[in-house]
Each structure stands twice: as C-alpha cells, then as structure tokens.
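K.L.:
Two chains, each in its own frame: build the complex with the hints.
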Amino acid sequence: MTALRLFLPVMLALALWQGAVTLLAMPPFILPDPLRVAGTLWTSRALLADHAMVTLTEVLAGLALGAGLGWISAVGLALSPGAARLLRPLLVFSQAVPVFALAPILTLWFGYGIGSKIAMTLLIIYFPVTSAFFDALMRPPAGWEAMARVMGGSPARILWHIRIPAALPGFLSGLRLAAVYAPIGAVLGEWVGASRGLGYLMLLANGRAKTDLMFAALLVLAVLTLALHRAVDRGCLALEARRLR
Amino acid sequence: MTAPALRLTGTARVGGRVLFGPLDLAVPGGEWCCLLGPSGAGKSSLLHLLAGTSGAVTLDGSARAGDGAPLAGRVALMAQTDLLLPWLDLCDNIRIGARLRGTRPSRAQAEALLDRLGLAGMGARKPGALSGGQRQRVALARTLLEDRPVVLLDEPFSALDVATRLAVQDMAAHALRGRTVLHVTHDPAEAARLGDSILLLAGGQIRAVAPPPDAPPRAPDATATLSATGHLTRLLLEAA
Ligand SMILES: Nc1ncnc2c1ncn2[C@@H]1O[C@H](COP(=O)(O)OP(=O)(O)OP(=O)(O)O)[C@@H](O)[C@H]1O
Ligand SMILES: [Mg+2]
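Which chain is which? The protein sequence lines are A and B, in order.
Heads up, the first sequence stops at 245 in full-length UniProt numbering, and the numbers go up one at a time, no gaps.
Heads up, the second sequence stops at 240 in full-length UniProt numbering, and the numbers go up one at a time, no gaps.
Don't read these hints as lab results, they were simulated from the structure.
Every residue, glycine too, gets a C-beta built ideally from N, C-alpha and C.
It is possible that some hints are incorrect.
Some residues of chain B that are not near chain A, with every Cβ distance over 10 Å (derived) [claimed, not checked]: (1) Arg17; (2) Pro28; (3) Ala167; (4) Arg207; (5) Val209; (6) Thr225; (7) Glu238.
Partial list, derived from the structure: chain A residues whose beta carbon lies under 7 Å from chain B [unchecked claim]: (8) Gly143; (9) Trp144; (10) Met147; (11) Ala148; (12) Val150; (13) Gly152; (14) Arg157; (15) His161; (16) Pro165; (17) Arg243; (18) Leu244.
Just chain B, with the same shape it has in the complex (with noise of 0.2 Å):
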C-alpha cells in the first residue's frame, strides 16, 4: 500500500457564499497533516470534500488523489461528530464498514483495536452507555480499522484528558505510519507534537507553518515541541 500525495486547489462556497479559497492544499503522500484554523474556518468542509460527502458545500476546483486515480474507497473519515450506530455494540460498530461492503473481520480483531484504546473488555456494550471522550475513542477505532492509505481526521482527540490524548495519539501516529494523514484540530499542541506539517486555514486563504525538526510523535514538554505550541497560538490569536 503506497499512499497517494493529497491536494485540494480552488474555492469552496456554501450557499453562494465563498468560504475559503481560492487556494492550494497539498499534502505529500505518506505523510501526517495537521490543520489547524478558527471555528467556522471550513476545515470540516475540506475534510468533507476530499471525502466526496460535501453536501451543501461546492468547490470550484479539483479536490483528488497525487497519484490521478480517483480517492473514493481509498478514503476513511473520522468526523467531527462520533456517528456510533446506537443500536449497535461496540465491536459492530468498530466493523460496520466491513459489513457494508459485504465482509466480517473477526471479532477478536475488534477487541483487540479496543483493547488498544483502553477500552478493554467493553466491546459488548451499546454506546449509550459510554462517555463523550470513550465514544471518541470507538468513532476513532473504526476508522483504523478501514484500513485505508488517506486518513482524514476531524478533531479525533478532542474529548480525551491530557493522559488518555497523548496515549492515544501515540497509538494513533503509530497505526497510522506511513499512510497520508490529514488531521484537523483546534489545540496547537496537539498540531505541534503530531505533525510532518502543519497548515494553518484563516481568512479562506491556507498557510504553512514549519514544524519541529525532529520526527512525530514529540515530545509535549520537549524545547521544540513547546515553542512550536506557542508560535501556533500565536498565529491562532492572530488569525481570530
């Protein structure tokens, strides 16, 4: 499996309402994405529109795969809300996307991915009985499990205390080695420690910031790490 670079050029409008653009995104195949931008910014939008379910945002432009072939099925998405199937346990729900395409992953597969998340031995529960950041947890589950060279991810960490983020974004960098990662999120931390690059989306137009030398994922009390983190709020004050 090679990833394919990503790249997103033109301009987004809802409505009639131009919302970001025109602009030129690229993110290099293989390699992990962070974009960061005001609330309302269009970041869940562009995740939506590499992912082919925009809805009721258009982009006059192209939004496709660096290699020419088409994205679709080459694509998992993790968005911004859970979407957890309540009727199901969490182990169905980890595997509902094998089941649409018509194949069963064993269930021992699931608990496994589960067991990772800290979420041992829960498989067989509904996700009524979760809370918000564990539900965050099986959304971020099943899309490892898709198994698909582009990631895109829509605040996937956003619930978690401090100890559980940085443990799961650890596991998460890891599963997700090698693949092309884009991945939204409002904490610059967060961007600092996790991205090769680091886009910054505000005022419609798209900017990139230098991350710290070393590789993901840092440190988050490392010298770099941490003046990476305040630059970026200092970009993100700006950018409000």
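Isolated chain A, as found in the complex (with noise of 0.2 Å):
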C-alpha cells in the first residue's frame, strides 16, 4: 500500500524530468536524464555510501547533541522563571541570524573535520527543540498541577514527575522538526568547508561539470533524509503509544 502510494508520485517526478531535458534539449552538463543519473548512482555507489556515511555520523551526532542540549535548556528554563524571561527572547533573537552566515566562523572554531558540522547541525536544530519542549513544559494540562500541589509536591518534583512527562509529546514534535532540519545543517557545513560528505561532494561534482555525480549525491541526500524522518517519525509514534499501553 505505503509503495503503491510511493510509486506514483515518484513515477510522475521522473516523467516530468525526463520531459523536461527531451523538451528543452538540455546538454547532460546542465541537466542529466533519469537514467543517466541511475547509472552515475550506480557505478560510483561505493564513492557515495563512504559520503553519505560521513553526512549521515554528522546528522546523527548533531540530532543527539541538539536534543539533548534542547532537553536541558527547556527544563532548565521552566525550572526558573526569572531566566525563561531573561533567555527566552534571547532564544528568539538567535534564531533571527541566519545560521548559515555562522558556517565560516564554526569551521574557524572546530576546524575542517567533523566537528563544524556536527555544531552547526546542533545550532539550527537546538531551537526548535528547546522552544517545542518550552512551549509544552509551560502549558501542563489544567487540574495535573493543581491536584500535585494540594498533595504537597515541590516545584522541582512537579515538574519531573508531572510537567516533563506531560510536555513528552511537545519534545518529541520538536525532535521530528529536528530530523527534517539537521540533515539541512549538515551540509551547509560541508559547503563551507570539507574533504568529506555529501555536501562536499556536490560541490566538487558541480565544480567538475560531473552534473550526474550531483544529482546522484542530492538524490541520496534526499532519501537519507526521509528515511530519518521516517524513522524518528515511527519511533516517536511508537513511544508514544507504548507509555500509554
């Protein structure tokens, strides 16, 4: 079912492609057919699995740090007013710079390896995280904080036991943005400045004119993305149904 639902759109995509370079006789260097591209795809796959590798270890750590640094933030912020009201428009002013203009600077502090990627994945998934989880730890169900409060509970042990597990869906619809974002900061990192992954083997396809070794690399790009959406997506579903079962 889930692949015949697939099948289609992914069909059309391809038909309009390859309309596309036979209606506009596009030379192969500007825009390669389909199959030109399933070729490229599959003779340099072992060249794109070692890049997508790389992107896909970034992603990950960065998805990790980001969510777990959110995590913190969020729950430290509710557990003070006086700093979420300090922090908070902080927060939101820190989303107003366009994190891709940080990129040079974070290659110029972690350096050319894994490091820069994986904190400017952090960077632009960090927000979302944490304000999600905020947004959700400040509006507990009414009556759950009345009720702990008649039976005596402290402001810290409200918030663990009752605030956290009733924000858990407003944390995990953060991580599920997360998932689309990070593959996205990634290879930002890599554009600015690489010798490994995906991103770095756009731009080098680009500069090189291998127009198909392009596509191909976006092409798994663009599945490795989906396929983590996907996986957060079932995992978070699962969770979430497993704790109420």
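P.N.:
Set out below in structure tokens:
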C-alpha cells in the first residue's frame, strides 16, 4: 500500500524530469536525464556510500547533541521563570541570525573536520527542540498541577513527575522537526569547508561539471533525509503509544 | 490525627460576577457533610476554594480550618475529573502523592486498595485501558491513600452502577470515618445515605437540611433514607 502510494508520485516526477530534458534539449552537463543519473548512482555507489556515511554520522551526532541540549535548556528554563524571561527573547533573537552565516566561523572554531558540521547541525535544531519542549512544559493540562500542589509536591518534583512527562509529546514534535532540519545543517557545514560528506561531494562534482554525480549525491541526500524523518517519526509514535499502553 | 472543622465564609466571585454568598458554611470536625445543589451553583468552586486551587474564582472572605492552623497539607481533594496520569500504571497513579512528596509507599498497599475497590489485579494497567467507572474508583483510591484529615470529594461515585456505587460508598464511609469530609453530589439518595449533615447550595445561599436520624452509611431502602431522599429531591426541584 505504502509502496503504491509512493510509486505514482515518483513515476510522475521522473516523467516530468525526462520530459524537461527531452523538450528543452538540455545538454547532460546542465540537466542529465534520469537514466544517466541512475547509472552514475550505480557505478559510484561505493563513493556515494562513503560520503553518505560521513554526513549521516554528522547528522546523528548533531541530532543527539541538539536534542539533549534542547531538553536540558527547556527544563532549565521551566525551573526558573526568571531565567526564562531573560533568555527566551535571546533564544528568539538567535533564531533571527541566519545560522548558515555562522558556518564559516564554526569552521574556524571547530576545524575542517566533522566537529564544525556537528556544531552547525546542533545550532539549526537546537531552537525548534528547545522551544517546542519549553512551550509544552509551560502549558500543562489544567488540573494536574493543582492536584500536585494539594498533595504537597515541591515545584521541582512537580516538574519531574508531572510537567515533563506531560510535555513529552511537545518534545517529540520538536524532535520530528529537528530530523528534517538536521541534514540541512550538516550539508551547509560541508559546503563551507570539508573534505568529506555528501555536501562536499556535490560541490566537487558541480565544480568538475559532473552534474550526474551531483544529482546522484542529491538523491542520496534526499533519501537519507526522508528515511531519517520516517525513522524518527516511527520511533516517536511507538514511544508515545507504548507509554500509554 | 484529629480532624479539624471546616469553615468558609464570604462571597465568591468569578470574573466580577457573584457566584455565591455572602454565606457561612461550616462542617464540624470528623463529620461527613454532603453538599447538594443545581449544576453551576458553585459546588466545585467551593471545594477548590477550600483546597486552595480555585484559580479564576476568588473569595472575599475566608476558607480555613476550625482550629486556626492552615489547611495546606491536611487536605485531599478528589476533583470532578479523575486527573489520572495516562503514562503511569494504576499503582503509580494511586501513589503519585507520595512520589511528589519524595516518599515511596509500598506497591502492596496500593494493590490492596485497588482490591478493596473491586479492581483486583489491575494495578499494572494504564488508565487508557479503563472504563469511566473504573477510572473514578482509581481516583478515589488515590484520594484515600493520601490519608489526610480533611477530604473533599467532588462527585466521587457518579460514574458507578448501583451495586458498585453502594459497595464503594460503604468502603469510603469506613475508610474515612473520623475525618472531616465535604462530599459534593448530585444524587439526593447518596446524600440521604451518607451525610452526617446535608447542605444545599442554591441561589448563592447555603441551607441545612436535616439528615435521617440513624448513623451513616444508611440502608438505601430504609424508610427514613427514602423519605429524606424524597424531601431532598423536592428541594432540588424547587431550587431548579
Ligand atoms: N475558571 C472559570 N472561569 C469562568 N467561570 C467559571 C470558572 N470556573 C467556574 N466558573 C463558573 O462558575 C460557576 C460554578 O461552577 P462550578 O464548577 O463550581 O459549578 P458546580 O456547582 O460544581 O456545577 P456542576 O454540578 O455542574 O459540577 C459556573 O457557572 C461556571 O461557569
Ligand atoms: Mg462541579
């Protein structure tokens, strides 16, 4: 069923692609046709897999760190209303800075290797995770908190036993969003300066007019992003279902 | 543990509008008091004022214990909604108060309480797998385990079938003997059965109604209980 739902749109996209190539009579170094890209995908599979592994590592590390830091920040803000009032506008402001503009600085600080890409990924997902979780923490369903106060719970224990578990769906929706953003962060980092990764490979292929390789790398990136999104989504759903059953 | 009396005096407002009062409500220490009244009369608000969780409802007056000491820490409140935490199993739901205070009563105690409420062997279930009446009994168990001298119950038996309701009423009456209980109910028969005293909140005023002479819990089909039920029903019809 899922396969069929995917099959038609994919076929449509391929047909449009092939149509554009044929109708506009594009030379292969501008827009290669699907078959040619498929061929490159196959012949360069080892190369693509190699670079994909690097990008995937950056994405997963950035995702784990960003989710962890976002979790800690949101809980910290929820614990101290004063800090929340002070830091919340700062957080929003930090989001107004186009993060990719920071990529060169991150490369300067964290080096040419994997570190700066992880930092970039982390920066991109930190805000969605923190704010989704924080908002959920600040809006616990009515009644639970009042009940907990009558029972004599301290604010910290109410946070731990009631507000955090109640806000878990908020954290998970932040995480779902983060799974979509994370590959963007990693590839941005690679574009600015790297010697490995799908972003690097795309730039390299582009520079050498190997447009088919660039498209192949792009496809791998898209599949990776979709797979990650799906895996995280499934994981979140399973977790939510299991803890209520 | 001596159970203090409860006293609420003054006028309650919500959003500038008078909800009830000025009135003077008193529940003697150690007694079970039933509070009846039309929907929207302010019964739940009154309980929340006593529990200190009133939110939008403000009281121009006082809600306190007869002995002058603060009520905080001496009250257990069973709200009109069950407020079960869907991610905890029943035993952990019942014990949430202890956890929030940083202690940990035994699971066996919680299981025993479930057992007495007709929910034997269900301690490991999550609230999502329960019927409405089962959820209500878990909320009652949680309130009983709090072991407080003052207990405020908001429609604690409303979702139960007749047979279960009578059994759970008996169980609660015994478990809470000697405590000060303020029990909000819509059911005149319930008030006639359980109340040491019976109050009617209608038109913003409190009015005391004489309970049957014998000690609660009374037989539901005893003549005195039935006639008190009839009398209360009439009063409620007049108040509507
Ligand atoms: N937070 C609030 N904001 C505005 N109005 C409120 C609020 N809480 C209660 N009210 C109003 O106060 C009145 C009394 O509410 P309350 O819940 O105390 O009634 P009740 O006697 O318990 O009714 P029921 O028998 O239906 O439970 C209602 O008219 C309700 O709309
Ligand atoms: Mg009510």
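K.L.:
Can we confirm that no CB of chain A comes within 10 Å of the CB of B:Arg17?
P.N.:
holds, 20 Å
K.L.:
Determine whether the non-interface label on B:Pro28 survives the test: each CB of chain A must be over 10 Å from its CB.
P.N.:
Per Cβ check, B:Pro28 is outside 10 Å of chain A; nearest 22 Å; holds.
K.L.:
Would the least Cβ to Cβ distance between B:Glu238 and chain A come out above 10 Å?
P.N.:
holds, 33 Å
K.L.:
Closer than 7 Å between Cβ atoms is the bar; does A:Val150 clear it against chain B? Give me holds or violated.
P.N.:
Holds. Min distance 5 Å.
K.L.:
Against chain B, is A:Trp144 within 7 Å by beta-carbon distance?
P.N.:
A:Trp144 check passes; min Cβ-Cβ to chain B is 6 Å, inside 7 Å.
K.L.:
Double-check A:Gly143 for me: the hint is only fine if its C-beta lies closer than 7 Å to a C-beta in chain B.
P.N.:
Given a least distance of 5 Å, the restraint on A:Gly143 holds.
K.L.:
Hey, does the A:Gly152 contact hint survive, CB to chain B under 7 Å?
P.N.:
Holds. Min distance 5 Å.
K.L.:
Does the interface hint hold: is A:Arg243 within less than 7 Å of chain B, judged Cβ to Cβ?
P.N.:
holds, 5 Å
K.L.:
Do the numbers back the hint for A:Arg157, that is, is its least Cβ distance to chain B under 7 Å?
P.N.:
holds, 5 Å
K.L.:
Quick check on the hint: A:Ala148 CB to chain B CB, less than 7 Å?
P.N.:
holds, 5 Å
K.L.:
Per the CB criterion, is A:Leu244 less than 7 Å away from chain B?
P.N.:
Given a least distance of 5 Å, the restraint on A:Leu244 holds.
K.L.:
The output says B:Ala167 does not contact chain A. Does that hold with a beta carbon cutoff of 10 Å?
P.N.:
Answer for B:Ala167: holds, closest chain A Cβ roughly 26 Å.
Every hint, counting from the list given before, is met by this structure.
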